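Peer 1: What follows is each chain in one-letter form.
2 protein chains.
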Amino acid sequence: MANKGRVFLIPTIIADDTQHKVITQQCRDILPSIRHFLAEDVRTARRFLSSLKIYDSIEALDFKILNKGSKEADLPELLAPVHDGHDLGVVSESGCPGVADPGAIAVNYCHKHGILVTPLVGPSSLLLALMASGLNGQKFAFHGYLPIDSKDLSRTIRSLEEESRKSGQTQMFIETPYRNNQVFKALINSLGRDTELCVATDITGKEESIRMRYVRDWRLQSVEIPKKPTVYLFLAK
Amino acid sequence: MANKGRVFLIPTIIADDTQHKVITQQCRDILPSIRHFLAEDVRTARRFLSSLKIYDSIEALDFKILNKGSKEADLPELLAPVHDGHDLGVVSESGCPGVADPGAIAVNYCHKHGILVTPLVGPSSLLLALMASGLNGQKFAFHGYLPIDSKDLSRTIRSLEEESRKSGQTQMFIETPYRNNQVFKALINSLGRDTELCVATDITGKEESIRMRYVRDWRLQSVEIPKKPTVYLFLAK
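Here the protein sequences come in this chain order: A and B. Throughout the first sequence, residue numbering follows our numbering, covering 661 to 897 in sequence. Throughout the second sequence, residue numbering follows our numbering, covering 661 to 897 in sequence.
Do not take every clue at face value.
Put simply, identical chains are the same to the list, so a pair is met inside one copy or across any two.
Straight-line Cα separation of at most 30 Å, BS3-like style, residue types lysine-lysine; simulated pairs [claimed, not checked]: (1) K713 <-> K731; (2) K681 <-> K897; (3) K811 <-> K845; (4) K887 <-> K811; (5) K681 <-> K724; (6) K799 <-> K713; (7) K731 <-> K799; (8) K681 <-> K826; (9) K887 <-> K664; (10) K866 <-> K731; (11) K664 <-> K897; (12) K713 <-> K866; (13) K731 <-> K681; (14) K681 <-> K713.
Simulated from the structure, these hints should not be mistaken for laboratory data. For clarity, every value in this text was computed on a predicted model and none was experimentally measured.
Required output: the full structure, derived from the provided sequences and hints.
Peer 2: Here is the structure:
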């Protein structure tokens, strides 16, 4: 059997123009030897790789699309370069592949086909938000997106709060930026006054704002969250 | 009121001699202006900062201990430099402060006293293990350490598996390295045969090994996990 290539999980920036701050030397050292990539969006991936100024030309790089529409049946073709002996990079649209993004199915395929997977260090808004929240980092859960319907949303928030009260688990979720203010209102209306709530917006970016308050204190303020990627975290006592 | 200093959350290496690979330029740029640190262990923190070769002398740096024995009542003294206008760095024993370590109480104090907290990008064995597991990265929970008593351990594993089956949540936990093989045996004996189990050892280190298999396949192998930091992840279908 021919030697297989390896798969590298390559983190990308989570805020514009931060590649010089947050992309590690490990990434810069490994990337030049990779010519094949899976990306959610080819344009973003090209722009990111180009911004690192480590390739003579990015025109020679091969990109295939791995997004939430990708199916298991697509994977043999997507991973074909690896079977042919080439290393391959999985690039997320933002942050770390495989976490809150569609990269996991490719990684799962790798494990089932004896392909070595190497995760590289880089920015993750979830992890950075958790670090900076001051909430319980010994026990936490990420729930992805909560329901959009306002009744379902309130019910879900209350149920996660009840679980947090019982277990001491920090609850984390994300929302699309244009819904930030709606979700924030649902949170301060649905959570108990003594619950600690952290709102972490535009982490590593120019408008980075990470604030944690008791819900009772949030209620006293006028809050406007910008339309930037935001992580919500809460812990009930 | 005098201007307060800021608090920076400074990730450290998670495997020996990897600082050139995984410590970002952001850390290297910010660190030289910080003279006051909170650390779990002063010797490790000094060694780490010294290894970056960015200080003329680390003798002039001020370290105070923040560990799992630290109480809320200790925080005003620990954060005193910030009230005096100095920036302060919180350094973990390994990886990211505030995640699976005692840093969170200091960050919580900051939010309650109007002190700005900035998390820096760096290695986290939990996040890297999740990325490379191929398990569900849209929904996951970290449970810290599981019980030591073997009956309690089996019961907890089964209950987490049941929860995972219902919710599709990846379950994550850690264990002290000398118990790796005991915990692994408990996992393959307690989990169902179709559950996917990932064992991620020494991430970023020389012995990095990240393997994900069905429990039924793990049972067919002879597995010896080295006494290195290991993250366990599983997902029931």
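Peer 1: Between copies, within a copy, both or neither: which fits K731 and K799 at Cα up to 30 Å?
Peer 2: between (32 Å within a copy, 19 Å between copies)
Peer 1: When Cα atoms must be at most 30 Å apart, do K866 and K731 count as within-copy, between-copy, both, or neither?
Peer 2: Neither. Shortest intra-copy (37 Å) and inter-copy (34 Å) distances fail the 30 Å Cα cut-off.
Peer 1: Cα distance capped at 30 Å. Does K681 pair with K713 within a copy, between copies, both, or neither?
Peer 2: both (14 Å within a copy, 18 Å between copies)
Peer 1: Taking 30 Å as the upper bound on the Cα-Cα distance, should K887 and K664 be classified as within, between, both, or neither?
Peer 2: Between copies, since 29 Å is at most 30 Å while 43 Å is not.
Peer 1: Given identical chains, is K887 near K811, meaning Cα to Cα at most 30 Å, within a copy, between copies, both, or neither?
Peer 2: within (23 Å within a copy, 49 Å between copies)
Peer 1: Measure nothing new, just compare the shortest in-copy and cross-copy C-alpha distances for K799 and K713 to 30 Å and report within, between, both or neither.
Peer 2: Neither way: K799 and K713 sit 39 Å apart in one copy and 35 Å across, limit 30 Å.
Peer 1: Have a look at K713 and K731 and pick one of within, between, both or neither, based on CA distance no larger than 30 Å.
Peer 2: neither (33 Å within a copy, 47 Å between copies)
Peer 1: Is the C-alpha distance from K681 to K897 at most 30 Å within one copy, between copies, in both cases, or in neither?
Peer 2: neither (36 Å within a copy, 39 Å between copies)
Peer 1: With identical chains treated as interchangeable, where does the CA-CA distance between K713 and K866 reach 30 Å or less: within a copy, between copies, both, or neither?
Peer 2: both (22 Å within a copy, 28 Å between copies)
Peer 1: Using 30 Å as the alpha carbon limit, work out where K664 and K897 are close: within a copy, between copies, both or neither.
Peer 2: between (51 Å within a copy, 29 Å between copies)
Peer 1: Go through the copies and call it for K681 and K826: within, between, both or neither, with a Cα cutoff of 30 Å.
Peer 2: neither (39 Å within a copy, 40 Å between copies)
Peer 1: Could you place K731 and K681 in one of the four classes (within, between, both, neither) given a Cα distance threshold of 30 Å?
Peer 2: neither (35 Å within a copy, 34 Å between copies)
Checked against the numbered hints above, the structure breaks hints 1, 2, 6, 8, 10, 13 and satisfies the rest.
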